[in-house]
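Protein chains in written order, with the working numbering: chain A, 37 to 407; chain B, 3 to 418; chain C, 671 to 1323.
FYI, nobody ran anything at the bench for these hints, they're computed from the structure.
If you're wondering where the values come from, they're calculated on a predicted model, not measured in any experiment.
Treat each hint with caution, since some may be false.
To be clear about the criterion: a stretch of chain A counts as covered by chain C if any three or more of its residues have a C-beta under 8 angstroms from a C-beta of chain C, and this derived list gives those stretches [unchecked claim]:
no.: 1; segment: 138-152
no.: 2; segment: 159-166
no.: 3; segment: 197-211
no.: 4; segment: 377-389
no.: 5; segment: 394-401
Label pairs and their computed distance ranges (CB to CB) [stated by the list, open to error]:
no.: 6; chain 1: C; residue 1: Arg1216; chain 2: A; residue 2: Val147; range: 42 to 50 angstroms
no.: 7; chain 1: A; residue 1: Ser302; chain 2: C; residue 2: Ser1187; range: 58 to 66 angstroms
no.: 8; chain 1: C; residue 1: Glu1296; chain 2: A; residue 2: His149; range: 39 to 47 angstroms
no.: 9; chain 1: A; residue 1: Asn199; chain 2: C; residue 2: Thr1278; range: 52 to 60 angstroms
no.: 10; chain 1: A; residue 1: His149; chain 2: C; residue 2: Glu1256; range: 24 to 32 angstroms
no.: 11; chain 1: B; residue 1: Gln271; chain 2: C; residue 2: Pro1012; range: 36 to 44 angstroms
no.: 12; chain 1: C; residue 1: Phe1272; chain 2: A; residue 2: Val193; range: 54 to 62 angstroms
no.: 13; chain 1: C; residue 1: Ala826; chain 2: A; residue 2: Ser375; range: 24 to 32 angstroms
no.: 14; chain 1: A; residue 1: Ser375; chain 2: B; residue 2: Asn280; range: 40 to 48 angstroms
no.: 15; chain 1: A; residue 1: Val147; chain 2: B; residue 2: Leu102; range: 20 to 28 angstroms
Backbone N, C-alpha and C fix where the C-beta goes; we use that ideal spot for every residue, glycine too.
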Amino acid sequence: MECINAKYVSQKISKTRWRPVPAASLQQPRSFATGSWDNEANQVCVWTVGETGMVGEDDELEGDPQLLCECKHGGDVLDMQFLDQDRLVTASSTGAVTIYKLHADNQTLSVAHAWDAAHHYQRASAPCTGVVCSSPDVVSVGEDGRVILYKADQRGVVRVIENADSSTIHAVTFLQTTKVLTVNSIGQLKLWDFRQQGSEPAQILSLTGDRVPLHCVDRHPNQQHIVATGGQDGMLCIWDVRQGNMPFSLMEAHSAEMWEVHFHPSNPDHLFTCSEDGSLLHWETSSGSDTPSFLQGRNTSVMSRSAAAPAGGNQSLISAWLNGDSSKGRLETTHMLPSQTLSVNSLDVLGQCLVCGTDGEAVYINRRVPV
Amino acid sequence: MFVARSIAADHKDLIHDVSYDFHGRRMATCSSDQSVKVWDKSDNGEWHCTASWKTHSGSVWRVTWAHPEFGQVLASCSFDRTAAVWEEIVGESNDKQRGLSHWIKRTTLVDSRTSVTDVKFAPKHMGLVLATCSADGVVRIYEAPDVMNLSQWSLQHEISCKLSCSCISWNPSSSRAHPPMIAVGSDDNNVTYSGKVQIYEYNENTRKYAKAETLMTVTDPVHDIAFAPNLGRSFHVLAIATKDVRIFKLIPLRRENATSSGPTKFEVQVMAQFDSHNSQVWRVSWNITSTLLASSGDDGCVRLWKANYMDNWKCTGILRGDGSPVNGSSGQGTALSAVGSAGAQSQNSVVGAASAGRYFFPHLDPPRAGSRLALLLPPPSLIEPTCETDHTHAHQPPQIRRRYTPALPTQPAEHD
Amino acid sequence: MEEVDVEPTTTLIPGVGLKQKHVGFEWGPGDILVYETNFKLQGAGSGGPGFPFVHVVRKDEDIYSPILRKLFNESHHIFVGLQNIKDDMPSKNKKPQFVSVSKNYRSVIRACMEELQQVAVSTQDTSLVAQYSNQVSILLAIELIWNLCEVLFIDAAPAGILLLHLLDWVRLHKADVDEKVREVLQSESPTHHHAYWEVVISFVLQGRMDEARQILMKQANLQPASRPIYQLMDSLLQKMPIFNPGSTQTLTEFDVKWRHWHEECDRYLQDNSFASNRHLETICKILVGDEDTMLEHKELLGTWYHFLVSRLLFFHPTVKPSELHYYAQSSMDMFLDSRSAPEPLDSILLAAFEFDLHQVIKDCSIALNNWWFVAHLTDLLDHCKLLQSHNLHFGSNLREFLVLEYASGLFSHHSLWQLAVDYFDHCPEFGRVYLELQIERVPLETERKALKVLRICEQRQMNEQVRSICKIMAKRALSNNRLGSALSWSIRAKDAAFATLISERFLQDYCTRGSFSDLDLIDNLGPAMLLSDRLTFLGKYREFHRLYGEMRFTEAAKLLLSLMTAKIAPRSFWMTLLTDALPLLEQKEVIFSVDQTHELMFCLEELTSDNSETKPERPAQDEDIESTKLELLRLALARNLAMAIVKEGTVEA
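The task is simple: from the sequences and hints, build the whole structure.
Next up, the structure:
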């Protein structure tokens, strides 16, 4: 049975993130963090959704998230990411990058370290728009066009790329240990390699002649050269950063800003996007043997391709997203929320669990995502 | 209504004017201590003074913000016969650490020979234009032709009103049908029987302001004047503070021939007149959508006026000093009694009977055991989450459940 | 319809009015600033400090309640759904939808009430407890009124069903019986519990006959002697006809059946069948609709409207909507003794029973001062086309007035303003202009927020607001020295003047530093370049540098020349361009053709003749450098001309 749980939380939610589960365990995630924006006092909150293993009539109540702990946050939470199980990093509109520690035993949240006004103009502080972690590395980007590298356990800043961008950088993601990819407000993707000095990117990709701002970026969990971006016009782009500077495919996904895009971390045939237009989409590109027969019949090229791919290997996954035009017939999208009018600002998916937050001050949780 | 917080303004003399910027995130105060202070609202809603400087060599009567399209710009006017324009500039990084901003004087307007009583920026569609009026009876209109260079202002118009001027108001309408228009009020006590409100309109052809109307019915001194936001209507609404509060409706009359270059003629109607202040009224001002008019008078009250859907005006609220000294005057530029959202109730004690009568349900005295409303109150366990009137389920434990089943059909992707 | 005149409320400002008698004020987006002052003062100095405090006064405290915020957010969803119900649908099909919308609203109120109740119970702070219970009682009253309006107006049940709905209404809002019955049943000896008979009678009064019978059986089992009369009562209660709208039974058939039953009850009462047990006799009296007996149990009824419904149940179960007001008024008169005057809630309910919708809404807005309630209820009633028929004069006006009030209140909140947009959208007369006035006041702390505000404006073609927001952002970026962002924003604002200004800053920076900043932006201007001449020049000039850098000299030379001949370059920049031509002129290979060289020379002459006229006061040193540059240029041009002539002549030969 598919069902979505709604919880009204009395604050506009800008970010939702599942707390990671130990890699070895096969458990579904049990708690998540939310960040608020545009409140007089903003907060980072941690919620728990109880056990999934329990079955029975109690099924109804089991999904209702309960507040575990909360902590004040100076300014809007513009981005948030778990560094590890117990620490999460936020990007603030005040320009600060803050590490919060979750004390699991007494269930409290506190500030472990903050880089205040890490992003700033000459006089005032500048909003920090994005943050990404690859423990112990933390990278933040901002409206000031800086890219900043930190180590979670060092007080100072490790590296600043001044003037990395003449426009606002909206989001950042790790490609490899030393490489990050940023997207900006004039539609460019820039690849940065921290091993190189200077403020020149290693590579710039963009849709030629198109200056539509890009708001989010995510990397394929297994194929580090495949990235997905979402833009102001709601367009979803799949890129192969190794090849050319044009996207592999372009899909009209939403009718307004796409705020986040995420590959499913363990089943990257699935992708999720959310948008200012108030929708949350689940994208599935069928690959290999589980392609429905009617699709196979219609599109023989697909069949032959998957037949040629090594069974169960990643090869088929790559072709799934990088098929260009031939992927047309094989991509399915599903709306995951009831018709809704206010922006879905953030989503996160882990295992079979999906959480998203809206400007309608609601958090939606789906714990039976068909992946 | 309730007092959410109090800010120790720390002026050494009377405050004459407080002005919010366009977005309500900053405010400026001016005082008889000849200074202007700028305050910024921090992320947690508290106000911090970020600049304070001596602006004039006399009492500063008014301070006002330009539209943010022109940057961070203030204008002030003073008893010292001048008006001045100030701009915030990007200072040194030291300032930032101290949380201070830097304002520099861009120009001093010295044309008046007497106290400058009011200063107002024109609506932004006219460009960066500033009007002043003074006790010598002249309204002066200045313009900064280059919005990037605020040190150059040229005196574009001088309108002689023949009466000592106390206040001005630009008509905010940006409709093409309405030429720029400014209303002037006079508090001249020497001339008894003339109209104390004059309305001037800009004429495209002569490129001059010409008098369009004098409100002959207003013969007592006028202390303040305010056009209401236009709301896309063909007529204008003007509020006046004189011995009472008056609201006029100005309906432009259709010109007899289109080529006529004379000023627009108006049909003037009184929409409302309130004498509840029982004495002189000193300030009138509209809220953003002109659904509320506030006035302040000699009775020491600020009164809020509101029209209902049948255009009947009524007083809906009064703000009045409690006449008691402030206890704990230590507050240094921070909130004296900062109250978060949850603590609103505790404010009631501060404000006294603030909310009395707002709710007829026992708002100030909680439900008594014997009251009929208390009987209405169900025990907590019995409030049903849903309105299914099927009462047989009343014994189930309460739960708020809102479940949504997602859109049923899986839709084919729209893409190319 | 008389106007209920209420005194305006007075809010006292602490510490004001002691020394100076005037109160100054300033409107803000969500509050009013007030301060002590003296308006009469018109000369110099005032004589000593007053109490220079500025007080922030807020209007509506409800909006700051975190729990009520859920009500606002959740009901927004329902409101939008309601607006989308198609107008062209036949009204018969719409009614169930409207009833379900109404129930959804009530369900949100209930959820909110429950949460408030829970926090009230768990809070220690007594003032907070009082606040929460106040809010609960207000919501409770709102729900009570709403539920009655749903029964009477939205569902508009006909005779027969009407009473069933009213019974449900009373049962839902007089739920303390259930608490009491639990208490009785859990006691050691329920039949001897002091509240035993109260429970039975309460059940009877609410028409919950099965439950009453169950409790009665306990007593009957204990008293074998009086078992017959208990059995008699049991059968009376069991036999009581209840109208069943689902069956084929007509209302008349039901009425006949009910009358028979009623007469039977009356007979037993007359022949004193229950005389031996006063409790059962009381019940029997209630069954025959004896008002005095019912009124003897005022405390069980609690309210006059419970009395009304019980009275109808046992006296006139087929009451028609049009007859209600008569029974309502008389029930109220009978129930309330002279001591307790009717409260506003009573008048509101009475007005509802009188089907005076307008009075209900008006009294609610005055008494509750809760725009949420009146706005949503009125909107729903307007959708049901109830306001027009009731009041041709101001049906929709009233709806719009109330919805605008509610939405404006939301806009005064730092966070809830987004909800208000949809409400304004559904106010045909003033919604748009209100939105225009309010949306541009939303503070733009971050670009992301600016984008959200812009999206709202763009979707509604609010071009002036879009332009203004972009302009503000561009201006701010410029003051923060972020030229690239400033340019992006002015391109989005289509603000040619500002784009020109920023382009000039870029060119200035180039002239002083000798290199371009923000190449990532300038190289990717695309068609946006055409916004302003200066921006076009900037883009093209940068293109020249790129061509030059890529050693594509011929193309570079052609572009450079065209910048001047096509008057794209500002005159002030020509000298720089001509200087840029120098290295091209001095290449071994001839790059500028004869014609091109002639044109370059012409440009140089035009420039120098201009300069001699307009710029007489220049420092001597600059003059020197300038003349040296000119000499060099003239020389290089002449040399190039010679070489080009030779080359072109050779080719022709």
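Violated hints, by number in ascending order, as checked against the structure: 1, 7, 8, 9, 10, 14
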